[in-house]
Amino acid sequence: MRGRAGPVRAISNFKRRTLGLAALVAALPAVACAGDGTSFLEPAGPIAALQKFHLIQITLISLIVVLPVLVLVPLLAWRYRASNTSARYMPDWDFSHALEYVMWLVPVAVVAVLSVYLWIDTHKLDPYKQIASAQKPLQVEVVGLDWKWLFIYPEFHIATVGQMAFPKDRPVALKLTSDTVMQSFMVSALGGQIYDMPGMVTKLNLQADRVGSFHGVNTQFTGDGFQDQTFTAMSMTNKDFDAWVAKVQKDGIALNEASYRVLGHRSTPDQVHATLGTPQMPQQVVYFNDVPSGFFNKVVMKYTSGKAIPATRQPGAVAYGQAPVGE
Amino acid sequence: MTLTDWNPILGRLTLQSLDPLKAVFDPTVNNFIASGAADAVVVGALLGVVLMTKYRLWKPLWNNWLTTVDHKRIGVMYIVLALVMLVRGVVEAVLMRAQQADGLHGGFLSADHFAQLFSTHGTIMIFFMAMPFLTGLINIVVPLQIGARDVSFPMLNSVSLGLTVAGAALVMISLVLGDFSTGGWTGYPPYTEAAFQPGVGPDYWIWSLGIAGLGSTLTGLNFIVTIYKERAPGMKFMHMPMFTWTALCTAILLVFAMPPLTVCAVMLALDRYAGFHFFTNALGGNMMNFANMLWLFGHPEVYILILPAFGVFSEIVSTFSGKRIYGYASLVLATMCIAVLSFTVWLHHFFTMGQDADVNAAFGIATMLIGIPTGVKIFDWLATIYRGRLQFTVPMVYMLSFMMLFVIGGLTGIILANPTVDFQVHNTLFLVAHFHNMLIPGLLFGMLAGYNYWFPKVFGFRLNEKWGHVSAYSWTIGFVLAFFPLYAVGLMGMTRRTVSYTNPAFQPWFQIALAGGFFVLFALFSMGMQLYVSIRDRDLLEAGADDPWNARTLEWATPSPVPAYNFAIVPTVDSRDAYAMAKASGAAYMSPARFNNIHLPGKTSLGVVTAVGGTALGFGLVWHMWWLAILSLVLVVAAFLARTFTEDEGVTIPSGIARRDFDAWMKRIRPEGWSDDTAPEMPGLETAQPMEHAE
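As given, the protein sequences belong to chains A and B, one line each in that order.
So the first sequence is numbered by our numbering: it starts at 1 and just counts up by one.
So the second sequence is numbered by our numbering: it starts at 328 and just counts up by one.
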């Protein structure tokens, strides 16, 4: 297991050693070897670190109810087996007030404690909440398409497919929508997922506290190329980020109706790169420049025009791009 | 689809729709599997027809089974359907496990085939395995437990079965003709809208569960009325056996939870067929409404499935501990709490949809609240084992596995109920592992325990214990191996419904999971062997089958197999565990002073008409064969109207036959030296246990 031994890891290690009983918690170290950047078990930012901490905290508190059952089932079953005639047999005993209090009140107490934590933590980690920071958040607009994400950086008038870069230690404020079916956007190492839906905007706030490359995915099944809808979330130094922006601006192609129409077809980042990419762009990645202002809003608003959108003009639809046929 | 593809007779059915020919057009491994499955269905069906004809079984099948309104036979047919669908569901599951074990950078299945597999697997396991299984057990057991001669609406019962069969038939037909939906068992639009899936797939999904769902609603109504109105004289609510309580809660949930499903399926159908915009992207359509309605059904559905299993466990833990159930009132209260709370948590299926933290936190806490009554139930069962005399029978092995595994599923459920963590593990295999952890130990083990427990009551001979134990242990090992690794890969970030992956760290876990899949296959094989061996040795296994477990509730106060009229004399009840009380007091062995003629409802062919007509209606709608849809709808409606003009004469069982059956039964079960005047000491547990144990 590699990675930093941060405070959260230290806490979990301590508790694991002391309690060390839960199969789930015990399995974490083995699981955590998933490789850098794929999972919140190797958190790369404050949100994911807290989520991992909550996972362990909830597990340990719940064990108060779970452990007695795991111990008592084999114990009582063996003790009161039919062949053990030395065990006391009380065929008509069916109630005890004291036991009843324990049975109801212990789970009530555990759920009460968990509920307090849940209320506080859910508000603390609300994905819509801006992350407190001295730096202004970087705005990124995300459009979900089949089977790729389009990342728009309105500040710089650039956009990318297959790569989402941002400076480390600076909050990233994402606005998301979909221009096809519903999708769900997640970079596990940085924070949780949020749905992106056509005609609607959802928000997600992320931050990385180290330089690195992290796996980004769509978790909501969307058809044949679903498993290829991945991207690299790249956390870099401010200097590297500026260089990256400059490179995208220089090497990109214009994002306009024609190039966006290519993105609207069902295709993987690989296929998009093959169609639109240039040798200056990395594999599975396409850079765009000259992104018009309000591009993201236009994508959102086209579904609220009060007119139906025929399948031939619906990105992601089977008939997308075909000549309209008489119904 | 354009008009040119449509044919007035065949709708949109073409040669390319024939799955058995797929491998001919394009011979790949993937297509050989698809065509092989299609061929298996066709060959299986043909073989069935040939065998039925050869052994001249059509007439008995028609007279004794298809047209019967006997709740026990209807129950058996439900369970046969459930077991057949279980086989298909498991085979699909193992195929998916094999694909993912081989799925690093590829695998042997196409993405589309894999997507159809997880969609049919989910749809089948929930709607055509779990639902028929529990409906079958409720059918067989509840009227007997409450001392009734039948359900309140026997003909409706047959019609409900017909609707369920029609739904299942559509899913089976989809193996042979055309593709199934790739939208998963939840069928979220807009992905299932016509723009994105113009083919027949989502239509198969819509009509199979739309039609079957109607049957479930009617079953719910039937059993609510039956339990309210048909209880034996003297049986108060707080005298009802726990299984009847859970059946009542499930029936109530069915009536309230199925309509949202039917409605959202029909709304999706209107989008697809008539150009509506309920869930489309534009023109005011909004898929969030679908998600809400689906889960307004979907979460209560979880408890529809699990509560009857809880009921089975309550019965068997009391019986096999030789003891009254601990905390009966607590269990009833907990069951009712679960039933009510199940309607307050649906939003936890989409914490990630963008609503604010207040809403998420409220639903998260509501979700954890369900853990309280569920925990109480587990502790009540433990307290029942405490100071009992526990026999490690097959049902009990299932129950002990269930208790250990279910609390682990409960733990991961609490984890998922916390929005902060759910944002990470939602839509990953962690979630998949969690709900299988709830439904395999929670539901399936309960159903299989019930199957082993009540089999002798229905067929008059016990099931073989050895093979029963083998299958119970195989199910347990198979489940643990197949699903615990999925928790791990889920935490590692593996999304659900993913045909292949690029992270080599996932692969070993999937290989373990595949090994679990093989154990489950072996468990299925053992169940087959158990049935075969038991039928072969049925003469030996008949001994003591009237009451093989020294059980406590009224269903055992009947001869095995139970006669059509259930009870020669309807019992009078004044306590819980009515049969245990009657055995203890000797009342169970008394002959009544006189027997009366018994009147039973007559046969009906409406169930068959519904099954055939429902299948044809669904098929016509799926393939746009409008003539077939209209014709079958008209015929079914006409059959129902015609039925209202006929008088059901019913069947009368003469009192002499009831007396003869009763005396034969008494001869078998009365303790030695019994006479009606001198009731001797009751036999203890040991002497009343003629069965052998594998322990």
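Hints were generated in silico from the structure; no laboratory data involved.
Glycine residues also receive a C-beta, built at the ideal position from the N, C-alpha and C atoms.
The reader is advised that the hints may include incorrect statements.
[Said to hold, decoys possible] With the Cβ distance kept under 7 Å, some of the chain B side facing chain A (calculated, not the full set):
hint	residue
1	S344
2	L348
3	G691
4	I742
[Said to hold, decoys possible] No more than 25 Å apart at the CA atoms, straight line, and that leaves these computed lysine to any residue pairs for SDA-like:
hint	chain 1	residue 1	chain 2	residue 2
5	B	K563	A	F95
6	A	K129	A	Y117
7	A	K203	B	G611
8	A	K129	B	G611
9	A	K124	B	V686
10	A	K129	B	K563
A quick look at each hint next to the structure:
{"no.": "1", "hint": "S344", "verdict": "violated, 17 Å"}
{"no.": "2", "hint": "L348", "verdict": "violated, 22 Å"}
{"no.": "3", "hint": "G691", "verdict": "holds, 5 Å"}
{"no.": "4", "hint": "I742", "verdict": "holds, 5 Å"}
{"no.": "5", "hint": "B:K563 with A:F95", "verdict": "holds, 20 Å"}
{"no.": "6", "hint": "A:K129 with A:Y117", "verdict": "holds, 18 Å"}
{"no.": "7", "hint": "A:K203 with B:G611", "verdict": "holds, 21 Å"}
{"no.": "8", "hint": "A:K129 with B:G611", "verdict": "violated, 28 Å"}
{"no.": "9", "hint": "A:K124 with B:V686", "verdict": "holds, 14 Å"}
{"no.": "10", "hint": "A:K129 with B:K563", "verdict": "violated, 55 Å"}
Going through the hint list in order, the structure does not satisfy hints 1, 2, 8 and 10.
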